[in-house]
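K.L.:
Residues per chain, in single letters:
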Amino acid sequence: MTRSDKNSIPGGSAVTVRGLVKHYGGPQGTRALDGVDLDVREGTVLGVLGPNGAGKTTLVRVLSTLIQPDAGSAFVAGYDVLTQPRQLRRKIGLTGQYASVDEKLSGFENLYMIGRLLDLSRAGAKKRANDLLERFSLTDAAKRTAGTYSGGMRRRLDLAASMIGQPAVLYLDEPTTGLDPRTRNEVWTEVKRMVGEGVTVLLTTQYMEEAEQLASELTVIDRGRIIAEGGISELKAKVGGRTLRIRPADPLQLRTMAADLDASGLTGLATATVDAETGTVIVPVQSDEQLTAIVGHLAAAGFALADIATELPSLDEVFLSLTGQKASAPQDAPARELEEAAV
Amino acid sequence: MSTATLNKPESLDQPPLHAGEADGRIGLRANLRHTGALIRRNLLWIKKDPESMFDALLMPVVFTLLFVYVFGGSIGKAMGGGQDAYVQYVIPGMLAMMSMSIAQAVGTGFNEDFHKGIMDRFRSLPIGRGSVLFAKISVEIMRQLIAIAVLMLVAVLVGFDIESWPGLFAAVGLSVLFGSAVMWIFLVLGVTLKSPQSVQALGFLVMMPLQFGSSIFTPTQNMPGWLQNFTEYNPMSGLADAARGLMTTGHPVAHGLWVTLAWTVGLTVVMAPYAIYKFAKKS
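These protein sequences, in sequence, are chains A and B. First residue of the first sequence? That's 1 in UniProt numbering, and the numbers climb one at a time after it. First residue of the second sequence? That's 1 in UniProt numbering, and the numbers climb one at a time after it.
Because the hints were derived from the structure by calculation, they are not lab data. Every residue, glycine too, gets a C-beta built ideally from N, C-alpha and C. Warning: the hint list may mix true and false statements.
[To be verified] Only some residues are given here: those of chain A computed to face chain B with a beta carbon under 10 Å: (1) S64; (2) L66; (3) L105; (4) S106; (5) S162; (6) G265; (7) L266.
[As the list claims (entries may be wrong)] Straight-line alpha carbon distances no greater than 20 Å define the calculated DMTMM-like cross-link-like pairs of lysine to aspartate or glutamate that follow: (8) B/K278 / A/E186; (9) B/K48 / A/E103; (10) B/K47 / A/E103; (11) A/K143 / B/D49; (12) B/K116 / B/D49; (13) B/K281 / A/D80; (14) B/K48 / B/E112; (15) B/K77 / B/D161; (16) B/K47 / B/D113; (17) B/K281 / A/D70; (18) A/K143 / A/E103; (19) B/K282 / A/D70; (20) B/K116 / A/E103.
[Unchecked claim] Calculated from the model, a selection of chain A residues having no Cβ within reach of chain B, i.e. all distances over 10 Å: (21) V21; (22) T65; (23) S137; (24) P248; (25) D262; (26) A270.
Make a model of the complete structure from these sequences and hints.
P.N.:
As structure tokens, then:
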């Protein structure tokens, strides 16, 4: 079903942020957001990637009208966060890093309550709650208190709650922080499905894998500033080329091939390394010309090649080279950003 | 623009009852509906956790029995009667005390909500910010009425003589009115302070002097002069005196009534907008 919306241009920007500043503890205090610009195009997923304390949660809180920025502007679905918060709230759905459902109520009671708060009739709220419970595979647990749900069920209930108002823009603030890998996959599947249905999503995450899985475009944020943005492959390319893996037909030629490449001078400042485990020689390459020259040289030198592959660097490497610090790994991520927001 | 489509499109055939004005303002009926949905939430809490009613159900019983049987004989004698005279004196005071003791709970419960994500969800929904507060107050008023009903039951059992039924209802109304005004203070504390424990501790520190530095439990004429000055304008004295005058004979009503009403209006006018403001601005 489509809903005409005079406040947004099809294919335009669903979220527009310009020069957003938010500091805590006075003008001299921490700058949680230090001049952030970003756009989320309608129907796409923008991943906002950054370590703990980067300002991701603050950004989501400003965009959902929970806090006011100190400077700059932000528009969501055509509405100004500062002057039109009431209209804006009709357009958004919010899923926080801590599941924002009432743990004392059952799954059904939670969804029914939110339906009523979103001005559905009693019958309408009941039907919508049941439909969403079914859709998010929670029907069997509908009558159980949400406090007894597993982590994954709670996130799914949270997602369902965000969907009751049929939001045009959905904020997912670290939707899988603290979940085990299997449950994380469950949540990703649901998010992909919602995106497939045309919702615009602003996703914050500190997991490289999550951004790769869900987002089409990426903004990397650190200490309240945007340090890189673009498509995922674009970003990776920006950070210094690809890795070329060459597998000789004869595994015994691994070392001679690596030595030959080093001697040829085609590897530039880098050196060819032998990866005995996979039976390949690894060479970092900066350009298509270099790649072509290497392959040409090996053919001319008489090596029989079984396989050639190029790989983009992982987002971990991207992040390291952009910020100079290692991004946090999924397993040690007790996200503390809420505290930063509450100071 | 295309928006989220569910796998069951027919569920979308229910338009919102009231989609809101073009400027997003929320009308009175929508506000009442939102408050109703939130009241239902708070009632479900009580249903699932009946122990949360212990204070409303047991406090009136424990306090009445303690004061009537421990202090009743001595104070009653000093008043020129006996335990019976004290029962007639202290029960209207208890009525005044109930409103404030129950009111305190609103702050702790409210504060707990902020430690869960649910408050963020409420504040990101297109509902009036006040409806969350009004729902809490409505449920606490119900709890006050239950506590008062229990109190009156125990009162009659220990020999209290309701001399004026209209007076009783007027006193209950006044007590609930003042109690709801006091709730705004505790809502402000609930929004401002960091933990439910500090809300409770501070609430206790505020309540004790107000309850005991008053005419609730004993006549004030034997207190030192400076304390009498305090009790004279202490709203708890005012409420206790007014309730006494309304329910029993031989006590003046007017002064206590005016003190109580002045405090009720003053607190509501100052604290209600402040609580809503603090709630809306809370980050």
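K.L.:
Compare the structure with each hint and give your call.
P.N.:
We went through each hint and held it up to the structure:
1. S64: This interface hint holds because 4 Å falls under the 10 Å limit.
2. L66: Hint on A/L66: holds, closest Cβ of chain B at ~6 Å, below 10 Å.
3. L105: holds, 6 Å
4. S106: holds, 9 Å
5. S162: Holds. Min distance 8 Å.
6. G265: This interface hint is violated because 56 Å lies over the 10 Å limit.
7. L266: violated, 51 Å
8. B/K278 / A/E186: violated, 38 Å
9. B/K48 / A/E103: The hint holds at about 11 Å.
10. B/K47 / A/E103: holds, 14 Å
11. A/K143 / B/D49: Since the Cα atoms of A/K143 and B/D49 sit roughly 16 Å apart, the hinted pair holds (cutoff 20 Å).
12. B/K116 / B/D49: Between B/K116 and B/D49 the Cα gap is close to 18 Å, so the pair holds against 20 Å.
13. B/K281 / A/D80: With a Cα-Cα distance of about 17 Å, the restraint between B/K281 and A/D80 holds, given a limit of 20 Å.
14. B/K48 / B/E112: Judged against 20 Å, a Cα distance of about 17 Å means the pair holds.
15. B/K77 / B/D161: The given pair, whose Cα atoms are some 18 Å apart, holds under the 20 Å limit.
16. B/K47 / B/D113: holds, 18 Å
17. B/K281 / A/D70: holds, 13 Å
18. A/K143 / A/E103: With Cα atoms ~12 Å apart, A/K143 and A/E103 stay inside 20 Å; holds.
19. B/K282 / A/D70: holds, 15 Å
20. B/K116 / A/E103: holds, 9 Å
21. V21: holds, 15 Å
22. T65: violated, 7 Å
23. S137: Holds, since 12 Å exceeds 10 Å.
24. P248: holds, 52 Å
25. D262: At roughly 56 Å from the nearest Cβ of chain B, A/D262 sits farther out than 10 Å, so the non-interface label holds.
26. A270: At roughly 48 Å from the nearest Cβ of chain B, A/A270 sits farther out than 10 Å, so the non-interface label holds.
Consistency note: the structure conflicts with the earlier hints numbered 6, 7, 8 and 22.
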